[in-house]
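A.B. asks: Below, each chain spelled out in residue letters.
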Amino acid sequence: MAEEAAGPMNPALEGKAYPAVPFTVDPERVARFRATFGEERDIVPPTFATAAEWAVFPGIIADPELGLDFSRAVHAQQEYEWHRPFVVGETLTARPRIALIREKGGHGFLTVETELIGADGAIVVVARATLIERGA
Amino acid sequence: MPELRVRFEDLSVGYGIPKLARSVTREDVERYADASGDRNPLHLDDGFARSVGFPGVIAHGMFTMGHLAHCLTDWLGDPSALSRMDVQLRAPVFLGDVIVADGRVKALDPKTRTVVLDVWVTVDRDGTVEYPIRRGEAEVRLSAE
Numbered sequence: 001m002a003e004e005a006a007g008p009m010n011p012a013l014e015g016k017a018y019p020a021v022p023f024t025v026d027p028e029r030v031a032r033f034r035a036t037f038g039e040e041r042d043i044v045p046p047t048f049a050t051a052a053e054w055a056v057f058p059g060i061i062a063d064p065e066l067g068l069d070f071s072r073a074v075h076a077q078q079e080y081e082w083h084r085p086f087v088v089g090e091t092l093t094a095r096p097r098i099a100l101i102r103e104k105g106g107h108g109f110l111t112v113e114t115e116l117i118g119a120d121g122a123i124v125v126v127a128r129a130t131l132i133e134r135g136a
Numbered sequence: 001m002p003e004l005r006v007r008f009e010d011l012s013v014g015y016g017i018p019k020l021a022r023s024v025t026r027e028d029v030e031r032y033a034d035a036s037g038d039r040n041p042l043h044l045d046d047g048f049a050r051s052v053g054f055p056g057v058i059a060h061g062m063f064t065m066g067h068l069a070h071c072l073t074d075w076l077g078d079p080s081a082l083s084r085m086d087v088q089l090r091a092p093v094f095l096g097d098v099i100v101a102d103g104r105v106k107a108l109d110p111k112t113r114t115v116v117l118d119v120w121v122t123v124d125r126d127g128t129v130e131y132p133i134r135r136g137e138a139e140v141r142l143s144a145e
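Heads up: the protein sequence lines correspond to chains A and B, in order.
Residues 1 to 136 in this note's numbering are what the first sequence spells out, letter by letter.
Residues 1 to 145 in this note's numbering are what the second sequence spells out, letter by letter.
Keep in mind that the hints were calculated from the coordinates and are not lab data.
Be aware that a few hints might be false.
What the hints assert, rightly or not - Result set (SDA-like, lysine to any residue): computed pairs, CA atoms no more than 25 Å apart in a straight line:
id : chain 1 : residue 1 : chain 2 : residue 2
1  : A       : K104      : A       : P27
2  : A       : K104      : B       : Y131
3  : B       : K106      : A       : A12
4  : B       : K19       : B       : P2
5  : A       : K104      : B       : R90
6  : B       : K106      : A       : K104
7  : B       : K106      : B       : M1
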């Protein structure tokens with residue numbers, strides 16, 4: 001049963017994997033990213049990984065089983081492990097799962113781990129985003 | 001390929017990387033929302049931001065982390081030398097703020113040529129220094145020439 005997201009997140013969802021989605025390292029988007037940070041060189045900024053995470057976050061935020069109230073959520077922590085640089089034009093697979101759900105001090109903590117996998121099957125980046133859902 | 005500009009042998013515990021300051025404008029935040037795909041109204045709609053207790057839109061936490069990563073890759077030369085970052089987002093960044101990214105070497109492993117740095121981002125508001133990012137950690141790998 002889906003509940004309205006007034007209460008805490010459903011701790012049983014820790015470990016839940018979500019469908020993998022393709023993510024293309026789009027040259028125009030990379031250019032906008034570079035422009036944002038004043039990067040004048042022809043590289044892909046490492047935190048372009050954030051754009052890949054946003055390919056999967058909407059599906060998790062909207063998951064009625066999870067019961068996250070995104071309007072009370074703040075981004076509290078972010079980790080990236082980069083195994084190799086992005087290649088412009090390549091299509092990766094973004095594979096998200098819920099790594100952690102905790103309740104502490106009246107607040108909910110949610111960590112989403114997203115693996116970005118290259119066409120060769122090797123990991124390119126591991127991203128861990130932690131949100132705090134402030135107590136209502 | 002961009003060239004690595006930092007030599008492992010030149011670093012020691014306490015070494016400070018060059019700071020990098022930038023201002024934050026509405027145009028920057030909107031461009032970042034487009035580029036990242038994070039179109040949360042907290043970053044785009046002043047009315048919404050006020051309804052949740054801010055004076056107006058705030059920059060994305062990942063905008064601030066992106067600036068910190070840019071500071072590191074500027075220093076390194078070769079962005080692929082950056083192997084890990086882990087940061088806590090602690091204070092909001094407002095339009096008109098000047099954010100300063102900074103870091104200091106805290107550990108070196110000569111065997112793997114890996115360097116761990118404390119990294120952070122500050123903003124000075126009328127003499128009060130806040131930390132949009134504090135207690136961040138970055139790891140860089142400096143392969144031999």
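A.B. asks: A separate judgement is required for each hint: does it hold in the structure or not?
C.D. replies: Hints versus structure:
1. A:K104 <-> A:P27: Violated, at about 41 Å.
2. A:K104 <-> B:Y131: 23 Å, holds
3. B:K106 <-> A:A12: 38 Å, violated
4. B:K19 <-> B:P2: 21 Å, holds
5. A:K104 <-> B:R90: Judged against 25 Å, a Cα distance of about 17 Å means the pair holds.
6. B:K106 <-> A:K104: 30 Å, violated
7. B:K106 <-> B:M1: Distance ~28 Å between K106 of chain B and M1 of chain B Cα, so the pair is violated.
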